[in-house]
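**Q** This is what each chain is made of:
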Amino acid sequence: MITLMINGKAHQFDDDGSMPLLWALRDVLKYTGTKYGCGKGLCGACTVHLNSQPVRSCSLPVSAVGDGEITTIEGLSENGEHAVQQAWQQLNVPQCGYCQAGQMMSAAALLENNKKPSDDDIERAMSGNICRCGTYQRIKQAIHLAVELKE
Amino acid sequence: MSGQIENVSRRRFLKNLGISSTALVIGVQLPGLSLMPKALAASSDNAVFEPSVYLQIAQDNTVSVIVHRSEMGQGIRTSIPMILADELEADWQQVKVIQGLGDKKYGSQNTDGSRSIRRFYQPLREAGASARMMLEQAAANIWQVPVAQCQAQSGHVVDKAGARQLTFGDLVAAAQQLPLPEKDKIVFKAKQDFNFIGKENVALVDGHDIATGKAVYGYDVQLPEMKIAVIARPPVLASKIKSYDDSAAKKVPGVIAVVKMPDVEEPVLFKPLGGIAVIATNTWAALQGRKALKIDWQVNQDHQTYNSDSYKAALNNSCDNPAKVLRQKGDVTKALADADQVLSAEYYVPELIHAPMEPPAATAHYHDGQFDIWACTQTPQSAQNTVAQFMQVEPEKVNVNVTLLGGGFGRKSKPDFIVEAAYLAKTLMMPIKVEWSREDEVQQGYYHAVSYQKLRAGLKNKTLTAWQHNVALPPIGSTFSKGADLIGSESGLGLVDMPYQVANVSCAAGKAPAHTRIGWLRSVTNINQAFAVCSFADELAHARDLDPVQNLLSLLGDDRLIDLTKEQTEYGNYGESTDVYPIDTARLKNVVNRVAELANWSKPRPKNHGLGIAVHRSFVSYVASVVEVSVNPQGKIKLEHVWLSVDCGTAVNPERIKSQMEGAAVFAISLAYYGELTAKNGVIEQGNFDTYQMARIGEVPETTVDIVDSDAPPGGVGEPGVPPIVPALTNAIFAATGKRYRELPLKQYDII
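Just so you know, the protein sequences line up as chains W and Z, in that order.
Sequential numbering of the first sequence, starting at 0, is according to numbering that gives the first Met the number 0.
Sequential numbering of the second sequence, starting at 0, is according to numbering that gives the first Met the number 0.
Only chain Z is shown next, with the shape it has when bound in the complex (with noise of 0.2 Å):
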């Protein structure tokens, strides 16, 4: 991954940022790339350049580094300052964070694909050494010695022959006049000598405004005359209006208008979705309108037909009539026929949505030809252009400023309810903030889609010889493409890239229409393919009467890489590749080994334990899992403890990446546990968390982290710790109960 770095000091937008001209300001550009499985991408996020992240330090003292990712609690804006201080050599006091507006010459600000650290980590060395080189030569040029006499240290550069030294503050007027280091010229520190990266002990930057309740998010934007929208939206994906009375919904005190928005036409994108907006001068006034207000609905004769359960058993048949095989090896069907021992299995895991804490909102101000607008999004950009394309301006005239999300997980990567705001702030001519509630969030949500995956594996002596995946699920592609029914991008996430040493394979999906909105939720389509995959697989373990430790590194096979262009499939490697981030089979043995021993795998527990063990890569990270579990005479689980090793390459912020698989493992348990939406008639029939269920503090058990120390390439870490743990948790299930649960959530089994 190299990056081009160019002085940007004089460039007028630093003025709309409000920095100062005294500044030395280092700019990162990196080349375009794709970073998302195509149908991932496929927002507006068209820029030519990835991101750039900027440095600045002013006369002062003060570092600035502005932030071009969303913080929505992976602590991009403490591990991204980390970085560039380190490599700069700055004091952590001296360090302040600015958090980027959306704009293309940052590049794509899209903060998902878990691809932060892995895209900017060695950008942003590259930015921090050469301010760093520039420093050090400005020093030199004043004292009027050799620079390698003179190095920068914990905000200052000394000079190593005499007592003397300069603050960077005092060094910035000289610095600016030199030109950037060559780029094969710059020079890094050595890992011994880093201050910040891979260390524990940095406090998050937003910690005490959290603490305090001073951080703002979303939700919390205030702005002079600012009203409050909420929308009802249809009920059935793309239904239209047909009538409407609000003549009650226009008594409610507070109340101050009601507005028809646009119906919406398919493909949706990110598209508002249309309904009755109600603005009101506080949320419970918008709230008790929206409950007054009669609207008859034109119901959408084709979602309507969406029944979870009749869609269920459709899903079943596609995964009999695969319409694309996806990837092919060797002759699965002979194999079949010719192993001594044939298993299969049946895998559903139902439709879930996101429920970050926050749910979506957004304020806008339209004045003077332009939109001014804070949002809690994960894509600024996108933000950005789909407001200028729906409220046709140009883009340039559309300003997103990005508050702290209140957690994200894929749903604030879709600007639809920025555009709401935007709608409505220009229709009325007053700043408006949407606000979406809890049930608005469950029932209108990009979901991520139902699956159902049917696998049959074929032995022989014991050995596998034959592996067959067929799945059915509704693709991403159908919420950007009209009546898109068979998936796309999401094949490379856990089904074409099943690392086990097998002969013969073949992987395939089937076709499933789309009702909902389908979107990317953390770790997206991994999740039901990792369970799938890794519960197959500990199947196998039975059937050949192996340990299921010893028979995954059976499965796993040589150390070796898989090369799957020579098998003539495609795989998007999340954008990478395959040369920098290939699947390495010896590091996921690793972590499993280190799983298995962190676990301490082959003590005896008492009877009524059971261990399970999974390991998955996703986002080019390894991660392996072991739950232990214990029944109770009633048959209830508890969950004992969670085990995690994590392969992500060189680990820039240990202390987060603990936190974010301690977090996973709750994602993963909750979806196990309760993750169900159902259909009727094309409506989502829950809505909030008494219906859509969290794991809650008693539910979970300690989780213990192990990071691998890597010097390879940063991976990806917000998501890659969910896969492999809700299939560790039923083959721990499995190991202390006999029984095989192969659809979720384990709610449905009364044994929670």
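Extracted from the complex, chain W is given alone in its bound form (with noise of 0.2 Å):
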């Protein structure tokens, strides 16, 4: 039996440790806001928070979280309340949105580390979050707007 601490509330997980936390997540605990596009962190949709960096939950086994904190999308805030969630929704960034949960991880974490990314930084923090839909002009405006809407 794993305790996994997901968005503040303990789970009990007594499947195959080895599953990565990407399907604990989604198949197991129904936290679906966390996507599956890659299965070998090459996309970047499947990013969470792990003690507040982001990691790829689909290449991370279940037994490799410890007693860390997970946040997923559906923890970044009560309701949508987050600098990026907003500024996301300000400028009607998503497309599809399917990879946007993902992007929007790798972009809350960043500004955790960066108060004020250059558009150099946003590429390298964003450069692992793949947007089929091109989306990545309006996701450098997103990260400076909510930069703006932090201050």
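Hints are computed from structural coordinates only; laboratory data are not their basis.
Take these hints with a grain of salt, some might be off.
[Stated by the list, open to error] Computed list of lysine to any residue pairs in SDA-like fashion (alpha-carbon distance at most 20 Å, straight line): (1) Z:Lys637 - W:Asp119; (2) Z:Lys425 - Z:Asn398; (3) W:Lys39 - W:Ser17; (4) W:Lys8 - Z:Lys213; (5) W:Lys29 - Z:Asn281.
Assembly of the complex is requested from the two constituent chains, each provided in isolation within its own frame, with the hints serving as guidance.
**A** Take a look at the structure:
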């Protein structure tokens, strides 16, 4: 039995400890906001926070989480009030929206570590997140807007 | 485009949608029309009527819009309500969006071909305006005043002579008793009175759900007792199972069953591909179980011969031996012989795949002789009919719920994955979600055909006198007719509709057998054909010593409507009449001029920079693109900026038009830089984003979009942005480096 702290709540997990966190979240604990895109840490759709750092949940076994605090998109804020979520909505960033949970989790983690990232900082921090619809330009704008909203 | 409107408030099916009987319901029905080039519409799309869109106004003052088209990022769940709410004079806050089930009563729901707005703008306006007029009449009857005195405004009808008003909800009962206005009596709002149409400030209907992780995609569906299935499909198309050993798979904790899928017979249509399904309590267990399978395939001998290198050589050869002339004007052979300058060029675009961020996923539950299905499908009726046919039930016994789509790009027009779920749900008598992995999606898809093209042009005194364009590519038709090896409607996607003014033209196609399922990918054959045509046009600029913009304007020639029927050329025009949607060179030239101005074309750039331009009409819209690149001392290319000018006729949702164009730029950059699938002995060699790469945030430049203000009928938006960008990019690289790249992807040249 493993106890997982997700969005501030304790969950008992008694399945295969080698299961990637992604599938534990989605299939076992029903947090479906975190998405599957590649299963190999190549696209970032599954990004969540482990102790405030962005991690690819598709490549992180549940057993490696330990007593770390997991935050998923559902736990980023109560009802979408996080500056990143607000900026995403204001600029109509999403197209299909599927990758955006991962994008927002990467962006939120960036802003935790860098209060005012440059375009280069953003490109570095976000380069692991693919958006097939091609919303990159607005993602960049939205991160800058989130900085303003936070100020 | 005409719409017939009828009052359908008593129709029983509305109860199935959970709509209260106290609602005023307006339905729109269109006469059946072919929407896509025929081969592309080869699904089970046999409905007599075009799609219907429903509007419900409830006594609680809710205006429900039933969106019957699939949302995959193009914004249709926002744009359809914008049109209806505008003509209705609804308050945006009272509008609720309901996703329509797959149902032939709607007519076609096939969300591809960039046609949702194109086909439904006018009928939606008619539905909204009719409802508004009925509400005004209802108020007039209640107040006993002339209807001219009653005006709908933001969810109310107001008495212009007094201070009274009623909400739409208050008027439902009275409006229900009224006949629909005659079609020719419908009064539409004037453009300057629009509240939503053409405005940029409308928030996405699903924006909040997406931002908070609540939006439900096909992969996210959860049912009680549902199990997850993944399938080991044949690595070579149409191979069968000789034998298999599932003993290790069954030992994986969580695996509950292993099921052999029926082998597929060609034509593959939308049938499941066969293979072995592993069913488990969660995805991880299912994937582990699949890995543990031992399968001995009886490999398809024909398709096993597919090797990309030799196939490319065969396509090259096929271009020289065309089997069918598709457009012939004048005498190209003579004109080339008479020319004082002849240019030749060959273009190659590899096989491509959609790679939507969400791979295909479908959930099915079989009970009481019927299937309940939830899927990320672009085409719920095709799903319904294909499941019905495969599972031998009546279509009425198949209920298809459409989730949000995590990208579509044409992949989710094919319901094979939905049939897999239905088959397993019935076989195991439990709710099953079939999930495709990324590797499944890349290796077992419906592919954009690999193509080879040869072009020749003749110049006399620097004037274009001859244009010859031969193509060879495996056709989409092969998916629907075994052994089909010659293109059909693909010819209308950038080949025969070449718009340059030239006296002698020949377009022809060679045969090419298919060894994978050939499908359609965002903008379809326009991708490769526009790449060749627009690149070759740029080559002509240099041969003619003309600035590329001047060259393009000169090639487009006089302002005129191109009538290909005069040349006895078959041309699909995306299913539209050429009277309503002609090929208009003035509109092509207009977007060329506008994009050149937008990009400040004539402004001198740094020495290591280059500009490229291209223009292309597709899906009855006109898009011109300028790309600026720079090259560093190591010879690596950097994209500096993309400019697009789009004339899509009436622009309903400019904000989403811009986002589609921004996205088209990224889509085009991905395929130009990285797009290449290769086959070895019939097996696709790539599998995930490491081997089939996508452009990332640092690789794409800012994109600036200009939308032509137009009152022309609306054209497509989702696809037409893609075709001109790739050639504008390679033309820019030529301008910066002097090197002409005619084979994609560009990664092979070590310049990325």
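**Q** Would you mind confirming whether the straight-line C-alpha gap from W:Lys8 to Z:Lys213 stays at or under 20 Å?
**A** It holds: about 18 Å lies between the C-alpha atoms, which stays within 20 Å.
**Q** With a cut-off of 20 Å on the C-alpha distance, tell me whether W:Lys39 and W:Ser17 pass.
**A** Measuring from Cα to Cα gives roughly 15 Å; hence the hint holds.
**Q** Hey, W:Lys29 versus Z:Asn281, does the alpha-carbon distance stay inside 20 Å?
**A** Holds, because 11 Å separates the two Cα atoms, which is no more than 20 Å.
**Q** Does W:Asp119 sit within 20 Å of Z:Lys637, going by the straight-line distance between their CA atoms?
**A** 14 Å, holds
**Q** Given the proposed pairing of Z:Lys425 with Z:Asn398, does the C-alpha separation stay at or below 20 Å?
**A** 14 Å, holds
In summary, this structure violates none of the numbered hints.
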